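**Student:** Chain C: place on chain X using the hints.
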Amino acid sequence: MTRSTSALRPAEGASAVLLSRPAISARMRLRDLAQILFFALLVRPLMAIFIGRRAPGRQWLPGAGPFVLLANHSSHLDTVSLLSLFPLWRLREIRPVAAADYFERNRLVAWFSHTFFNILPIARSRITPENNPIQLMLAQLRAGKSLIIYPEGTRGSGEEIGPFRPGIAHLLEQMPRLPVIPVYLVNHGRCLPKGEWFPVPFLCEIRIGPPQVFSGGNRREILKRLRSAILSLKNADN
Amino acid sequence: MTAMIFDSFVPNLSPAGKMGLVVLALLAAASGSVAVLRRIQPEKDYSEFSTRVWSWWVMAGIFLAVLAPGHKTALVFFAFLSFWALKEYLTLLKTRPADHRALVLSFLALPAQYYLIAIGWYGMFIIFIPVYVFLCLPVVLALSRETRGFVASASQIQWGLMAFVFGLSHLGFLLVFPLNEGSGVDGRSMLFFLVFVVEMSDVLQYLWGKSIGRRPVLPAVSPNKTWEGLIGGVTCATLLGLSVRFLTPFSAIETAGVSLLITLAGFFGGAVMSAVKRDFGVKDFGSLIPGHGGVIDRLDSLCYAAPVFFHYVRYFHN
Chain X
1 MTRSTSALRP
11 AEGASAVLLS
21 RPAISARMRL
31 RDLAQILFFA
41 LLVRPLMAIF
51 IGRRAPGRQW
61 LPGAGPFVLL
71 ANHSSHLDTV
81 SLLSLFPLWR
91 LREIRPVAAA
101 DYFERNRLVA
111 WFSHTFFNIL
121 PIARSRITPE
131 NNPIQLMLAQ
141 LRAGKSLIIY
151 PEGTRGSGEE
161 IGPFRPGIAH
171 LLEQMPRLPV
181 IPVYLVNHGR
191 CLPKGEWFPV
201 PFLCEIRIGP
211 PQVFSGGNRR
221 EILKRLRSAI
231 LSLKNADN
Chain C
239 MTAMIFDSFV
249 PNLSPAGKMG
259 LVVLALLAAA
269 SGSVAVLRRI
279 QPEKDYSEFS
289 TRVWSWWVMA
299 GIFLAVLAPG
309 HKTALVFFAF
319 LSFWALKEYL
329 TLLKTRPADH
339 RALVLSFLAL
349 PAQYYLIAIG
359 WYGMFIIFIP
369 VYVFLCLPVV
379 LALSRETRGF
389 VASASQIQWG
399 LMAFVFGLSH
409 LGFLLVFPLN
419 EGSGVDGRSM
429 LFFLVFVVEM
439 SDVLQYLWGK
449 SIGRRPVLPA
459 VSPNKTWEGL
469 IGGVTCATLL
479 GLSVRFLTPF
489 SAIETAGVSL
499 LITLAGFFGG
509 AVMSAVKRDF
519 GVKDFGSLIP
529 GHGGVIDRLD
539 SLCYAAPVFF
549 HYVRYFHN
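Chains X and C, in that order, are what the protein sequence lines are.
Be aware that the first sequence starts at 1, since it is given in our numbering, and climbs by one per residue.
Be aware that the second sequence starts at 239, since it is given in our numbering, and climbs by one per residue.
The following block holds chain C by itself, in its conformation from the complex:
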């Protein structure tokens, strides 16, 4: 239906271009509602809401700007996001002085992983961190000759690499992934679909949870994630996913199924990162994004949704 609206107004726009317009319209609507709420309820404090919306403008602006020129700029940007997420995680980790060289290795593995994406070498992209880095990291740790805390360091560093480098880098591989010919969409529009549905699911779960949320799903991990928020958010995000089906080669039923799959994966990603924060004893991973926290606080859902979505597409649409 959205596609029909577009065809009547701007007929020759690419799917990604249409999506850019959808995003801008949504942001304008969000800013509009901040203004309206402030007008009708001037006694209430909407500063957090307003900060969040402003941050969304900036994030969406950067996202659209790096995706416009082509794959290379987008890959550099995703590498930077991975880099910052890994930084945030490792900074909160209790590392030992003996871990120094293993950490240097982790930060060298990051550009290597994104280079493998840039040259489109799928076979190496998919085993580099789970196999080769996994084997090398403990060797480097062993060479430091400090055995106390060895297993903890090896596992914690590897976990960070898996979540924030390997997991997130699937966003990048979507861009260069060759889809079925004749599907009429490219990797960029698939990436758009994934990021849009997952991020909207986050926003909608937050809004539903804030307004009617009562029963927490995982009270010990994250009291803010409620059943009301989860069901309301996932349902609305799935409907939103259907409305941007023009980005994908999926049928209507498949679009709904995939949207459900990635929003649930995103929910569990958020829950896992909340558990990590609980363990570290912090509220946010960082403070780079005003109103949102650190980069991981914004990308937690995508760390899980990106690999799930990518492998679904690779299995069924290659």
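Isolated chain X (complex conformation):
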């Protein structure tokens, strides 16, 4: 065990979240409403009629958090598509984990990402005890929220799945019974690849696998098993 952060921090993180809540609750509700309207009026109709997205394996999505959706990442469409799997009133429970340096790069992007996607911004460099991503995620999970995590850490080409970052294994070390739902997103990267701003409506699919629950095991084994769960969803049609 050579982790730099101690196991003592999560409690502090969780209480910090609980304490900060009442003060901003009114604004939070307005934000929730904005997100619900955004998904009800724009995202869901577009996903159904324009993209025509299907989601085999929907039955594996837990009815209540906390859980982690672990998916391959090749497009901005990924988060939009994953969030639209859930009923509107559950949107506020689900927090996509997003790189702060990208999604908070200016005020407009930050406002958009927070208002409509409820992102959990994390730092990718200059980690301090205050902004430790693992502690921030644990605090959310302990407060009953669920996370969307792209373990590749960034958007790929859409063809190959890149190596996994160890963050998810750290989370499982702290919360051993956390269900992790493997997800493979088909064709999302073709619709809206990196660097393009206008989507091409290829038929898309979200393949959802059975929740993975771990009891022990080291980090490398955990990452390997999660990766093969996503790869087997990828290869499910050939």
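Here chain C is said to cover these stretches of chain X; the calculated rule only asks that three of the stretch's residues, wherever they fall, bring their Cβ under 8 Å from a Cβ of chain C: (1) 184-195; (2) 201-208.
Cβ-Cβ distance ranges computed for the label pairs, FRET-style: (3) C/448 - X/235: 30 to 36 Å; (4) C/517 - X/58: 29 to 35 Å; (5) C/390 - X/225: 36 to 42 Å; (6) C/332 - X/56: 21 to 27 Å; (7) X/218 - C/518: 39 to 45 Å; (8) X/232 - C/390: 28 to 34 Å; (9) C/289 - X/163: 40 to 46 Å.
Within a straight-line C-alpha distance of at most 25 Å, the following computed BS3-like cross-link-like pairs (lysine-lysine) qualify: (10) C/448 - C/282; (11) X/194 - C/332; (12) X/234 - C/332.
These aren't lab readings, by the way, just hints derived from the structure by calculation.
No experiment lies behind these values; they were computed from the predicted model shown.
Glycine included, C-beta positions come from ideal geometry on N, C-alpha and C.
**Tutor:** Chain C only, in chain X's frame:
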């Protein structure tokens, strides 16, 4: 003869209205035969047959519903069918990342093509995709600076646009096409005639092929298309075409000839789409229509029959 039956019962119905009743009667008969077959042969599995009939109810219902209010709703619906067909085709195509902007252009050309129909601009409707999109698409591809696979991309995307946007959009232009005055029918009833004969030909070829089909016409492309199915289906569809002659300005002989022409065009459309599926290594183009597959699986015959029928009508009845 059908017209005489109608005149004695519902004298003041438009040709399209009569056709709606014919379709509903046929669907009721199909559902009835599913029920009867289930009763007399309970050991057999009729679930596929039943699913197909249910899908026909839904498809016919939507078709009648969008045609009832007028041209605009029908055009929006046909544009959506084209859109979905193009989506299905392009999704199965091995596109390159460099094709992205050319594909965006293709999806922008689609509403433009249907807009040209809505304003009735025939001259532009007929050259927009074969000339202007054909010229622009490779330019957009060239601007992506990736030359490997250039010709394949340019041709495959253009082929999809020709088949599923240009070809299918002829259904829409039939609606706004001005027929000879005094013929007593409108574009809507001509559209009804085309879709009814071609789709019934598909159904009848399937039924004949299933029951007595032995010798495949094109074994390498589609083992399900047999000579027995083709001859039985085309003959019956031509007779059905004659029975709904009240939809057209044609004489009896002409109706039979046109029915034969569009059912054969439809057959070749089906064969071409089967070859495309073989090449892609898939059984169906999609899964939108239960029991039938994708939108292209249902519209394959019309992709060919619609332009042939339209240009026949334009040449001889304008």
